[in-house]
Amino acid sequence: MEGHDVSVIPLVELKGIVKRFPNVVANDHVDFSLMPGEVHALLGENAAGKTTLMNILYGFYHPDDGEIYVKGKKVRIKSPADSIKLGIGMVHQNFRLIPVHTVWENVVLGLKETGFILNKKKLAEKVKRVCEEYGWNIDPNAKVWQLSVGEKQQVELLKLLIRNAEVLILDEPTSVLTPQETKNLFKALRIMAKKGRGVIFITHKLEEVFEVSDRVTVMRKGRVIATKLTNEVTVEELANMMIGRSVLFKLVKPAIKKGDVVLEAIGLKVMGDRGVLALDGVNLRIHSGEIVGIAGIAGNGQEELMEVLAGIRKVYSGKVFIDGEDVTNKGARYLIEKGVAYIPSESTRWALIRDMTLVENIALKLYRSRNFSNILTINWRKLFEFSKKLIEEYDIATHSPSKLAGILSGGNLQKVVLARELSATQDGKIPKLILAAYPTKGLDVAATEFVQGLLLKYRALGSAIILLSEDLEEIMMLSDRVAVISKGRIVGEFSPTEKTVEEVGMMMVKGNTALGGRKVCLS
Amino acid sequence: MSIEWIGPVLASTTSIGVVYLLGSLGEIYAERSGILNLGMEGTMAIGAATSFIFTITWGHTIAFLLAGVFGMLMGLLLAFFAVSLRLNQITVGLAITMLGLGLSGFITFPTIRKTVLQTLNPELPSTALETQSVPMLPPVSLSFLKEIPIIGPMLFNHNIVVYITLILAPLMWFLLFRTSIGLKIRSVGENPGMADALGINVFRIRYLTCILSGAFSALAGAYLILGFQPFWIEGMTGGRGFITLSLIILSTWNPLRAVFGSLLFGGIEVLQYRLQLFGLGATSPQFVLMLPYAIAVITLSLLSLESFRKKMSAPATLAKPYYREE
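Residue numbers (numbering that gives the first Met the number 0), protein chains in the order written: chain A, 0 to 522; chain B, 0 to 325.
Next up, chain A with everything else stripped away, as it sits in the complex (with noise of 0.2 angstroms):
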């Protein structure tokens, strides 16, 4: 323990933790201490152990080895309802909230003051001057699905603070959030922690750790490397911890003269899943070897945009044109066989069949191609041979292609995705559009830089690529035209160069703020 008086008592102790997984040890002898009044990021890369360590100290994973001190008091935590009782409370990058409940039903869910009968009236107040010790504005009787997603964390937060939680733990909160409605939350972390509270702040934002914390720890396969004061090291320290090498921070992107239209959208408007327009009348234009970025708060018509242009949603107005031919509404398949690539969000989810092999799962878009298959069979072993040649390409990290995609974890099974949609083309021609929706969200830093160099290389092989990506500074980076959307319309389009991701954050949130102040999120 270094860099704090020894004289208090910490509010939390975790000592020699273990934590085993059946292929890995999440954590492996970790120590780990939080103070009254601290802010204490905790940094890593994916799978680094952050959240399998907080998820131990919230009761929801249970250690095989090692001691948890509260206030100096050695206690077993076996459920989340146990570390509520202690003052420890969690928020998850994953909401748990329920949509239909008013904000103040959320927040007094199973609290015992609330007595037998239910005071709306008191309740709303109770909640209502918790918001405003932090300088949130929300209506206590809003219903949560009215609720921006900077709202709807800092319910998420009101649960814990109305229970006087000592320790909160925020599990990477600020990646759903605006640049904006991040610098809130941290004002908000800010003053919990003059209060007296600690805050556990989970991470891989280098910039993040030296804007809020007092503290910071670094985690590194399981492992802690260090703990430091965050006003004692420097950026490159901390990425040298945190990645065992010194980082790529800026990416080579050679200039390439774009070639001629691949893909253009006409005035498109689409209907989103709840019968309201989702993209109101975009248009764009895309040329051969050129990124172009949309930038825009999750639920804007970004992920329609891409569906559209996939062929797996409807056009309702408008039209859409591939190499100058009229491709409105003529379905995945054929635009498949057109060369439209298309990596979709949550691609381990939608892109993949988890209980299929891998040649299986390359298979899928492959499989009418009359050098895999005649007219009535399947030729397995030149697929088998041609996933092999794929996964070593792609480094993928498995044994065999027989193995279930199931068992990959995120980053290989995104490396998968990537492989049957640029590589496994039918007819062996690279892709001519490539549709990415967040093909880096969730990966650690090495796959990333694959993920982004991949784009890249095909960008100058001649695709259209377009970008989805939660991270400005992605878009911004990789991108020769950005293009910002907000309620289903293009807001602005430039280049990269003429603005910053401050600039464009603010185009983002403005069309936002239009319904009083309110955000309808659709996502």
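Just so you know, the hints here were simulated from the structure itself, not pulled from any lab data. Treat the hints loosely; a few may be bogus.
Stated by the list, open to error - Just a sample of chain B residues kept apart from chain A, beta carbon distances all over 10 angstroms, derived:
1. Leu86
2. Pro121
3. Thr126
4. Ile180
5. Leu182
6. Ser186
7. Gly192
8. Leu197
9. Ile199
10. Arg256
11. Leu304
12. Ala318
13. Tyr322
Unchecked claim - For lysine-lysine, the following DSS-like pairs were computed, each having C-alpha atoms within a straight-line distance of at most 30 angstroms:
14. Lys145(B) <-> Lys142(A)
15. Lys337(A) <-> Lys364(A)
16. Lys113(B) <-> Lys77(A)
17. Lys319(B) <-> Lys84(A)
18. Lys319(B) <-> Lys111(A)
19. Lys252(A) <-> Lys227(A)
20. Lys227(A) <-> Lys364(A)
Each residue gets a CB set at the ideal place from its N, CA and C atoms; glycine is no exception.
Put chain B on the given structure of chain A with help from the hints.
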């Protein structure tokens, strides 16, 4: 056509509506907590059969109470399979319906019934051992209120169970929407993972609502024979349990709206008898007879569509078992 028939039609609308209302009150709680009790039909049959036997031996009050107890046992059975063993609720529910219908036929089979009755009360006269009919619950008319035109006969000339049920509906609405236990039940049906994390025992809540729904289903069956149609016929529930399930969807899982839904369904049923009397349905009586079942089939199949469930604000985890993660 004279106007005099309206009074009796309205009165029997309420009478039969209460069968649906009693059943739906419990079932709404179960569904709000995420349990689809398809065993209603069978549980109703058990309620009718047991109350038929116990009325002969010990009278109305005890018959009602015991029917409720047997209903709870059926609910417990459902809970064990659906909540603890996490089996498919549709399968379990249908199995319970089969079981209930079978058992109700078995215990009321003349020779078996005779033995049962004699064991319970050896002093019973032989007529009581043979009879198919039971004494009906006496009406308690609220003297001056029943003189009000239309509303009077509709609401104020019925037996005590009708009154209790009509009072229960708003009480159970209040319990569901304005109390902490109600919030817990609704939350468990919407997001059991969240409720669990906040220290709510998902399994206990679901056991509770299963048992409640069993009890109310059986009481509906008991009322059917003791308060509406006072003689035993095997299969007398006649699909009313399934109709109740569709009625709950129409009332969007709200006990107050279920009152109107029940009266509507009761009305359809009464009208179908009346139309036959007037000869209107005579050309195609089957069509009118089919109506409630058709509505039941359509709503139940619509319920299996995800988008429809969302639109109707169906409980998000209806019929989905809860696994604690890890």
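Here is how each hint holds up against the structure:
no.	hint	verdict
1	Leu86	holds (22 angstroms)
2	Pro121	holds (47 angstroms)
3	Thr126	holds (50 angstroms)
4	Ile180	violated (7 angstroms)
5	Leu182	violated (6 angstroms)
6	Ser186	violated (5 angstroms)
7	Gly192	violated (6 angstroms)
8	Leu197	violated (4 angstroms)
9	Ile199	violated (5 angstroms)
10	Arg256	holds (16 angstroms)
11	Leu304	holds (13 angstroms)
12	Ala318	holds (17 angstroms)
13	Tyr322	holds (13 angstroms)
14	Lys145(B) <-> Lys142(A)	violated (43 angstroms)
15	Lys337(A) <-> Lys364(A)	holds (13 angstroms)
16	Lys113(B) <-> Lys77(A)	violated (55 angstroms)
17	Lys319(B) <-> Lys84(A)	holds (28 angstroms)
18	Lys319(B) <-> Lys111(A)	holds (28 angstroms)
19	Lys252(A) <-> Lys227(A)	violated (35 angstroms)
20	Lys227(A) <-> Lys364(A)	violated (50 angstroms)
Comparing the model with each earlier hint shows violations of hints 4, 5, 6, 7, 8, 9, 14, 16, 19, 20; every other hint is respected.
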